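K.L.:
Sequence:
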Amino acid sequence: MSDNEQIQTYVKSVMEDPSAQAVARVYADAFLNAAGAEAEGTLEEFSSFLDDVLPRNAQFANLLFEGVLNRDRTVELLDRVFAAQGSELFKSFMKTLARHGRLNLLPLILEESQVKYELQCGKQRVTVTSAIPLSTEMAARVQSQLDEALPFTPIINSKIDESLLGGLLIQVGDTVYDT
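Note that my numbering has the sequence shown beginning at 378, numbered continuously upward.
Errors might be hidden in some of the hints.
[Claimed, not checked] As a list, the in silico DSS-like pairs of lysine-lysine whose alpha-carbon atoms are at most 25 Å apart: (1) K536 to K500; (2) K536 to K493; (3) K472 to K493; (4) K493 to K468.
[What the hints assert, rightly or not] Across the chosen pairs, the derived CB separations fall in these ranges: (5) A508 to E465: 44 to 52 Å; (6) Q497 to S469: 19 to 27 Å; (7) A411 to S521: 34 to 42 Å.
Derived from the structure by calculation, the hints contain no laboratory data. Computed from a predicted structure; not experimentally measured. Even glycine gets a Cβ: it sits at the ideal position worked out from N, Cα and C.
Please construct the entire structure, taking both the sequences and the accompanying hints into account.
P.N.:
Okay, structure coming up:
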């Protein structure tokens, strides 16, 4: 099992809980509001922590996610870890999550924060599903048509579904267009 899979295992049950998603949205809003103009850099720091730091430090991840330490000890550990590195905002945010027993929501909070930041920047994720991988030319054509048709800048996420007979499924938020 890879380190990323192990981190996901810690939080799998939380990620499947709709109420956890709602709580993650509240923390994501607070995180972005606190970050203000520094949101992009702070999001990069957050992402790097989850994608680079935790997978390389399995014992540290275990201490954060397995509940081995009580909340006060977890806050002390985070203080030591972030003492010489990391922004004050991210350090404070992590300690707040630890105090409230919400560190297991980190992946959800990051995802919600990224989506909310994209919306603030006039962007939105669009899923384009096809039966076969789109050629570079076709992908550019789809991007161009979506740019013209949508009131925001689409961030395209391509998916393959071999069960499709042809055409494309385009999902924007909760709306699916079948072309």
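K.L.:
Among the hints numbered above, which are violated by the structure, and what are their numbers in rising order?
P.N.:
Violated hints: none; all satisfied.
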